[in-house]
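Protein chains in written order, with this note's numbering: chain B, 1 to 331; chain Z, 1 to 331.
Check before you lean on any hint, since a few could be wrong.
[As the list claims (entries may be wrong)] Away from chain B, derived, C-beta distances all over 12 Å, residues of chain Z: (1) Pro57; (2) Glu60; (3) Gly128; (4) Val140; (5) Ala237.
[To be verified] Not everything, but these chain B residues come out facing chain Z in the computed CB check (under 7 Å): (6) Glu60; (7) Gln88; (8) Asp98; (9) His201; (10) Ala238.
Don't read these hints as lab results, they were simulated from the structure.
Beta carbons are placed, not taken as given, at the ideal position from N, Cα and C, and that holds for glycine.
Listed below are the residues making up each chain.
There are 2 protein chains.
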Amino acid sequence: MTQGTPARFDILGIGNAIVDVVAPVAESLVSRLAMRKGSMTLIDADAAERIYAEMPPGQEVSGGSAANTCAVAAGLGARVAYLGRVAQDQLGAVFRHDIAAAGVHFPTPPLVGGAPTARCLILVTPDGQRTMNTFLGACVAFGEAEVDAEVVRDAAVTYMEGYLFDEPAAQAAFRRAAALAHAAGRQVALTLSDTFCVDRHRAAFRALVREDIDILFANEGELASLYEANDLEDALAAVAREVGIAAVTMSEAGSIVLRGTERVAVAAAPAQVVDTTGAGDAYAAGFLAAYTAGRGLAACGRLGSLAAAEVIGHYGARLTRDLRAAAAALD
Amino acid sequence: MTQGTPARFDILGIGNAIVDVVAPVAESLVSRLAMRKGSMTLIDADAAERIYAEMPPGQEVSGGSAANTCAVAAGLGARVAYLGRVAQDQLGAVFRHDIAAAGVHFPTPPLVGGAPTARCLILVTPDGQRTMNTFLGACVAFGEAEVDAEVVRDAAVTYMEGYLFDEPAAQAAFRRAAALAHAAGRQVALTLSDTFCVDRHRAAFRALVREDIDILFANEGELASLYEANDLEDALAAVAREVGIAAVTMSEAGSIVLRGTERVAVAAAPAQVVDTTGAGDAYAAGFLAAYTAGRGLAACGRLGSLAAAEVIGHYGARLTRDLRAAAAALD
Numbered sequence: 001m002t003q004g005t006p007a008r009f010d011i012l013g014i015g016n017a018i019v020d021v022v023a024p025v026a027e028s029l030v031s032r033l034a035m036r037k038g039s040m041t042l043i044d045a046d047a048a049e050r051i052y053a054e055m056p057p058g059q060e061v062s063g064g065s066a067a068n069t070c071a072v073a074a075g076l077g078a079r080v081a082y083l084g085r086v087a088q089d090q091l092g093a094v095f096r097h098d099i100a101a102a103g104v105h106f107p108t109p110p111l112v113g114g115a116p117t118a119r120c121l122i123l124v125t126p127d128g129q130r131t132m133n134t135f136l137g138a139c140v141a142f143g144e145a146e147v148d149a150e151v152v153r154d155a156a157v158t159y160m161e162g163y164l165f166d167e168p169a170a171q172a173a174f175r176r177a178a179a180l181a182h183a184a185g186r187q188v189a190l191t192l193s194d195t196f197c198v199d200r201h202r203a204a205f206r207a208l209v210r211e212d213i214d215i216l217f218a219n220e221g222e223l224a225s226l227y228e229a230n231d232l233e234d235a236l237a238a239v240a241r242e243v244g245i246a247a248v249t250m251s252e253a254g255s256i257v258l259r260g261t262e263r264v265a266v267a268a269a270p271a272q273v274v275d276t277t278g279a280g281d282a283y284a285a286g287f288l289a290a291y292t293a294g295r296g297l298a299a300c301g302r303l304g305s306l307a308a309a310e311v312i313g314h315y316g317a318r319l320t321r322d323l324r325a326a327a328a329a330l331d
Numbered sequence: 001m002t003q004g005t006p007a008r009f010d011i012l013g014i015g016n017a018i019v020d021v022v023a024p025v026a027e028s029l030v031s032r033l034a035m036r037k038g039s040m041t042l043i044d045a046d047a048a049e050r051i052y053a054e055m056p057p058g059q060e061v062s063g064g065s066a067a068n069t070c071a072v073a074a075g076l077g078a079r080v081a082y083l084g085r086v087a088q089d090q091l092g093a094v095f096r097h098d099i100a101a102a103g104v105h106f107p108t109p110p111l112v113g114g115a116p117t118a119r120c121l122i123l124v125t126p127d128g129q130r131t132m133n134t135f136l137g138a139c140v141a142f143g144e145a146e147v148d149a150e151v152v153r154d155a156a157v158t159y160m161e162g163y164l165f166d167e168p169a170a171q172a173a174f175r176r177a178a179a180l181a182h183a184a185g186r187q188v189a190l191t192l193s194d195t196f197c198v199d200r201h202r203a204a205f206r207a208l209v210r211e212d213i214d215i216l217f218a219n220e221g222e223l224a225s226l227y228e229a230n231d232l233e234d235a236l237a238a239v240a241r242e243v244g245i246a247a248v249t250m251s252e253a254g255s256i257v258l259r260g261t262e263r264v265a266v267a268a269a270p271a272q273v274v275d276t277t278g279a280g281d282a283y284a285a286g287f288l289a290a291y292t293a294g295r296g297l298a299a300c301g302r303l304g305s306l307a308a309a310e311v312i313g314h315y316g317a318r319l320t321r322d323l324r325a326a327a328a329a330l331d
């Protein structure tokens, strides 16, 4: 495999394959259940039952951080593949249908006879913030063996979610995918996913970012946590020394994209906030769709902002409108 | 049981317990799949697979016509119970969670070891119309034995959907519930559900309406089909002779409520149409919530219109806003 060989896929996402159960809730429910508002907590099957029983009627939509990124990127015209594990059950069939229907190649076989398909109970408060509780289910059966080497070698950028670091098998899968990608002359991207996830695995993330990551996505809080930095500038200086490209999102303040000493500030696209679920995932999708199409950093950031603005305007983390024309119209 | 004994429930709904799979589609897909736009078609498991494969990514939400009515009525403050059959599977758990979380008493035990929970593939075209394809699954295991006599006797109004007439067992359940309700001095309401459903079972519906129905819900097309009438006035005259109360909905033209020679015209509430799924179900919910609270016919119609306007403003057939204050503010 020669560096720079044309790739069959622009983006390969690897992550936890999850079906979201989304419901609007009052602030008081999040407090009463003692959840950390705005963050993701791992829960077991019993806790999932208990929390679900307290939730109002909801809707089920395919989720998973990297899977959302893949679906959105495909909707923007990128050629996309995804690896992740669902079970052979009804929610697994929903996940498989939705990602395939979004135009994403999804070759991972389902888990048979093990845990059920993962689900994430998402409580959306009136301010649009989402508080997530994930029962990983079949995702824990995703390991090195599930890393399809051919697909990794065939993708210009392999994009992985920080949430993979919560399970040793997934962490091993992550490292194998990164090694395969680099050996094939491809690039590796990572999103830090969640401040608490960074806290849980800071040392591992620091080593990984330094050694293996070409493109890093993070929000301000996650980046500050990674470098235990006191302010944004310190964190930006640290990350610029360690990765080729860093894209740091700051909610309505837009994003900053760094490449060495180059620095681009990107405004947020106008949005009416209904549900912030998937904003970061969509930003990464827009960024990578533009990046793998050979666009400049500013265009990458702007397509990220545009995609994020679309998904926070409705419940659910994937596109409900066709943004291809808008994407093409970016300079 | 004495006529007029205070009832534990205002409304008991009986119907097909279904999880909806809702996706926005282009007009061309509905044509290509040769569907009758705006209507409901019964499909088998194979057809469900085939159609699902053609659908874009969707969302799963609890549905079922009478179940939607129950959930909306409970959201308007009515005391509501529901009877219908799901399987012991993931979609069945979703249905059970959602209707219970809406505040509806749902005592029917799940079907074990039979067909899976029913699903309705709903294609929503850009004009907001929904074209429905129902795989009845576990619903076909709902029969007379599933009619909980105690709950029927304890409900002021037993409300059933015309769709029950598509399965002989459900039709028998319908008749048993009506007989139990009347023997307990309660009232029986029916929605005609769908023009094609009326076509399939016209004779049975005609006999039922004449003999067993106190309150009939229908839209213009369904009523015209029932009486094979050439115009609305002929159909209205026919229905007024046969049922105690008839509520006839006419989309944006509002509704007409008849009781003997009394006739009330009700305007539609202002709405931005996103997805008309459940408009008729929500109208019946508002109407019956007001009716069982002792309100006059005009207030019944207005609460019906208000509930319908809320659900057509978003995807999904159940309330996403609390309408209790608005309901109480109706004269």
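Verification of the supplied hints:
no.	hint	verdict
1	Pro57	violated, 4 Å
2	Glu60	violated, 4 Å
3	Gly128	holds, 14 Å
4	Val140	holds, 18 Å
5	Ala237	holds, 40 Å
6	Glu60	holds, 4 Å
7	Gln88	violated, 12 Å
8	Asp98	holds, 4 Å
9	His201	violated, 31 Å
10	Ala238	violated, 38 Å
Checked against the numbered hints above, the structure violates hints 1, 2, 7, 9, 10; every other hint is satisfied.
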